[in-house]
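Protein chains: 2
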Amino acid sequence: MGFVWVLRLGHRRERDKRLTTHCALIARAFGAARFYYTGERDESFEKSAASVAKRWGGKFKVAHSASWRKVFTAARAKGARVVHLTMYGEPFESAALKPPLLLVVGGEKVHWEVYKEADGNASVTNQPHSEAGALAVVMHSLGLKPVFSGAKIRVESNPRGKTVFNARKGKGRR
Amino acid sequence: MGFVWVLRLGHRRERDKRLTTHCALIARAFGAARFYYTGERDESFEKSAASVAKRWGGKFKVAHSASWRKVFTAARAKGARVVHLTMYGEPFESAALKPPLLLVVGGEKVHWEVYKEADGNASVTNQPHSEAGALAVVMHSLGLKPVFSGAKIRVESNPRGKTVFNARKGKGRR
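Listed in order, the protein sequences are those of chains A and B. By the count of the numbering used here, the first sequence reaches residue 174 at its end, each step adding exactly one. By the count of the numbering used here, the second sequence reaches residue 174 at its end, each step adding exactly one.
Any given hint could turn out to be false.
Note that the list lumps identical chains together, so a pair holds whenever it fits in one copy or between two copies.
Quick list of in silico lysine to aspartate or glutamate cross-link-like pairs, EDC-like style, CA-CA up to 16 angstroms [claimed, not checked]:
no., residue 1, residue 2
1, LYS78, ASP119
2, LYS17, GLU108
3, LYS59, ASP119
4, LYS169, GLU108
Quick caveat, the hints were computed from the structure, so don't treat them as lab data.
With these hints in hand, go ahead and build the complete structure from the sequences.
Structure follows, in structure tokens:
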């Protein structure tokens, strides 16, 4: 099936911590293998993402990169198509996205070269939007079936409350 | 077809401004008619949401409410089902969501009564997630076809760049 990586551009420690964290959670929940980010290095973000991956299982990795071009190159070296998600792009439904894939999501201002050097620019609606929302819709549409092996915590669907399995405490209901 | 409203719980002006804004943009982009929020009243958030709606068209409204119960009641009075999005719920695919609908998304800690008093709790994966991401996936799945009448700005899909129509300046390309 091939992998999906996500690249978040231009992280700013103060302003973007929560949104970058949301993007990373979305990437992981829908089965991305790696999450790269450029901009300011943020060890506290990296720690919290690693902690989620450790408790909830799977092999999701987060890494800072000094350059989006390096991530493009690394993904292409493994056969991936590089697709930038933007409200200006072609509808993602017609972009025929499938792994192996590098999905690129912007920060506040995306440099024009990203639009040019990506293999495609794909939109989730042409309305002002959220990069987290766009990423979620596209990741969901890929239909990956992630397996979260080694999880210490696991949730079972419950229409009326919470059912949580904890490797230490056993099953809990609320 | 019926309406979709979104309710965001427990907004905190400082900490949540960007995420609440993202949730509102997602709600609007996918065709929600109204966005309610509880927690701290935030006029700057309201102004920025109103400004997007004015420039980009449509009738999207944002309103603060002192009580989530009041919003539940108002939505039910118009025939809506109230569905809380949470990683603990049943898979949203099996919850058969359709308008008229009030979608409820949490803030940091969601009071237990919200789980009980909603008509259903629906999950987008059972992994730690983003309320913005979950909202986007569910809104997209509803397949609403919003019309953004009266728009001053409009974007046309472009796989290689930006095509923007501006009522004042005409069409621009980059």
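Taking the hints in turn, this is what the structure says about them:
Only within a single protomer do LYS78 and ASP119 lie at most 16 angstroms apart by alpha-carbon distance; the minimum there is 15 angstroms, versus 46 angstroms between protomers. Taking the closest pair of Cα atoms, LYS17 and GLU108 come within 16 angstroms of each other both inside a single copy (13 angstroms) and across two copies (15 angstroms). Within a single copy, LYS59 and ASP119 get their C-alpha atoms no closer than 27 angstroms, and across copies no closer than 36 angstroms, so neither meets the 16 angstroms cut-off. Taking the closest pair of Cα atoms, LYS169 and GLU108 never come within 16 angstroms of each other, the shortest separation being 43 angstroms inside a single copy and 24 angstroms across copies.
Consistency with the previously given hints fails for numbers 3 and 4, ordered from lowest to highest.
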